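Generate the whole structure from the sequences, applying the supplied hints.
Respectively, the protein sequence lines represent chains W and X.
If you're matching positions, the first sequence starts at 1 in my numbering and goes up one per residue.
If you're matching positions, the second sequence starts at 1001 in my numbering and goes up one per residue.
I should point out that these hints are in silico values taken from the structure, not numbers from a laboratory.
Computed from a predicted structure; not experimentally measured.
Where hints are given, some of them may not hold.
[What the hints assert, rightly or not] Below, a list of computed lysine to aspartate or glutamate pairs in the DMTMM-like style, where the Cα atoms sit at most 25 Å apart:
(1) K1088(X) - E39(W)
(2) K1088(X) - E18(W)
(3) K1079(X) - E1134(X)
(4) K1079(X) - D7(W)
(5) K92(W) - D1251(X)
(6) K1410(X) - E1361(X)
(7) K1242(X) - E1289(X)
(8) K1018(X) - D71(W)
(9) K1088(X) - E9(W)
(10) K92(W) - E1188(X)
(11) K92(W) - E1134(X)
(12) K92(W) - D1358(X)
(13) K92(W) - E1133(X)
(14) K92(W) - E1032(X)
(15) K1079(X) - E57(W)
(16) K1088(X) - E74(W)
(17) K1129(X) - D71(W)
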Amino acid sequence: MSLDRADVERIAHLARLEVDEQELTAYAETLSRILGLIEQMNAVDTEGIAPMSHPLEAGLGFRADEVTEFDQRELFQVNAPSVQAGLYLVPKVIE
Amino acid sequence: MEWETVVGLEVHVQLLTKSKLFSGSSTRFGAEPNTQACGIDIALPGVLPVMNREAARMAVKLGIAVGATINRRSVFARKNYFYPDLPKGYQISQYELPIVQLGKLMIDVDGVPKKIGITRAHLEEDAGKSLHEEFHGLTGIDLNRAGTPLLEIVSEPDMRSAREAVAYLKKLHVLVRYLGICDGNMQEGSFRCDANVSVRPRGQHAFGTRAELKNINSFRFVEKAIEYEVARQIELIEGGGKVVQETRLYDSVRNETRSMRSKEEAHDYRYFPDPDLLPLQLAAGFIEETAMSMPELPNAKRERFIQEYALTAYDAEVLTSSREMADYYEAAVRAAPDHAKLTANWIIGEFSGYLNRDNLEIAAAPVTADMLAGLVRRIADNTISGKIAKEIFEAMWDREGDADAVIEKKGLRQITDESAIERIIDDVLAKNPKQLEQYRCGQEKLFGFFVGQVMKATQGKANPAQVNDSLRKKLGGVLP
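Structure, rendered in structure tokens:
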């Protein structure tokens, strides 16, 4: 499987990445090579081997259901470009 | 052509934990914006999620209640999309391996039982809220809800009408509240529903193309939205058109569904296992312990009520529609043990009516189970008539005291003294010679008139059965 320039454009858009026109071909090639490696791995016979979703042989740790965080709104909102009435303001996202 | 409706529902149940799914922020509703959004919830660099044990327990409870497989090992995945109320740029959800799989829920429409399959239920975090008004062309973001635990319960496309869909949704709503895993508040968005709707010619095996309806936040809207959408699809197909697979927004004001085309292109979530979270592994003990802590479930309770209290299926259904209602009923019956049916009537009738009128929860009702039982005992032992009982109930509701106190204070004790009733009857007959004459001439309907006059003369305090008997005797004597 290989990617063309249109695929790269679409993926870049989904990830909200800006990709230069000139770079598209290069990305298509290098990303296709990664897919090639995955195809190679896919071809290995893995019959009877449990899929691994994480490299560590451990399960998730739990925390108790307790409120441990306190309000730090003022501190956090120092970083925000625009706030009003306690809300973060962003460009309008609905049509 | 005859068309068949096919519906599957996705229900988002907000879990009743104190803290969020992966952070220690409070989940309390209605706080000042962004005061319950910590570094993890707003996705500051370097933070890591830590799983809330109680959320896992609640998911397991639901799984056990719907007879599902509980996966001892499930995996959290990232669902990637960009929206300002999702600070990480992905939602932590479960994809390939959800915590709960393959369950079922029994519904009942017009007395016909039906099994609705539950494909899966998975844990995920909620997003924040976007407020589009009042900010001069900008959008306000409140992240208090971001990270709140949700259990998304996905049904099989097993429902064949809007009514079946509503029946399923109501069943699920009762169940999650019984389990104590969700407050069920649809207004506040604690229990939200999306519907996948399609139509196919009756008899055809393959499903038609479906539309996904969003924004249906009441039982009534679910029914109306599905009905509208079904009619739209049939009209479209019969007019030679084709249904497109898309997301449609339900507009309750106009009662119509509208396409949300803009959402289409972004429908590529690129799920992958979240590297920040190890697989969720449940010890056998955890599942057993959870099973032991489960309350009696609605179906079992309903059957028990029918057996134990000799109630009709309808009465039992209404009384078990919430745990609070069922507990109230059982507390009242404990205090008036021989009058289970009469107690049921009063709770389903008067008590529920007043609750609705005043928009009160059972816990806040001025008439406690003991007070209701006190009233029922006085009806049963003939101290008062059913009609007077309503007056007393109203007084109890207005906090004028328990039944006995109100009866004493207002002198509402039923008149059961035979001779007293006879005196009143004589008086009534004497005062209405014309009617008596007509009755004698065969107008037997007037019997009711005399009963009414006697009840009026006693302000409803005469025992109606006794009045009937005595009046019949008297009038029998005067008939030609």
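We went through each hint and held it up to the structure:
For the hint pairing K1088(X) with E39(W), the CA-to-CA distance comes to about 30 Å; that exceeds 25 Å, so the pair is violated. Restraint check for K1088(X) and E18(W): the C-alpha separation of about 19 Å stays at or below 25 Å, so the hint holds. Note on K1079(X) and E1134(X): the hinted pairing is violated, with a Cα-Cα distance of about 31 Å set against a maximum of 25 Å. Our distance criterion of 25 Å between C-alpha atoms is met by K1079(X) and D7(W), whose separation comes to about 20 Å.
Between K92(W) and D1251(X), the direct Cα distance comes to roughly 21 Å. Compliance with the 25 Å bound is thereby established for this hinted pair. A threshold of 25 Å between alpha carbons decides the hint, and for K1410(X) with E1361(X) the separation of about 29 Å lies outside it, so the pair is violated. For the proposed pair K1242(X) and E1289(X), the alpha carbon gap of about 51 Å is over 25 Å, so the pair is violated. For a cut-off of 25 Å, the pair hint linking K1018(X) to D71(W) stands: about 15 Å separates their Cα positions.
Proposed proximity of K1088(X) and E9(W) is supported: the alpha carbons are some 22 Å apart, at most 25 Å. A hinted pair counts as satisfied when its Cα atoms are at most 25 Å apart, and K92(W) with E1188(X) qualifies at roughly 24 Å. For the hint linking K92(W) to E1134(X), the alpha-carbon distance of about 11 Å falls within 25 Å, and the restraint holds. For the given pair, K92(W) sits about 41 Å from D1358(X) by alpha-carbon distance, which is inconsistent with the 25 Å threshold.
A C-alpha spacing of about 10 Å is found between K92(W) and E1133(X), which places the hinted pair at or below 25 Å, so the restraint holds. Taken as a hint, the K92(W) and E1032(X) pair is honoured in the structure, with Cα atoms around 22 Å apart against an allowance of 25 Å. Straight-line distance between C-alpha atoms of K1079(X) and E57(W) comes to about 24 Å, which keeps the hinted pair within the 25 Å bound. Under the criterion of a C-alpha separation no larger than 25 Å, the hint pairing K1088(X) with E74(W) is consistent with the structure, at around 20 Å.
Proposed proximity of K1129(X) and D71(W) is supported: the alpha carbons are some 18 Å apart, at most 25 Å.
When the structure is compared with the earlier hints, violations turn up for hints 1, 3, 6, 7 and 12 and for no others.
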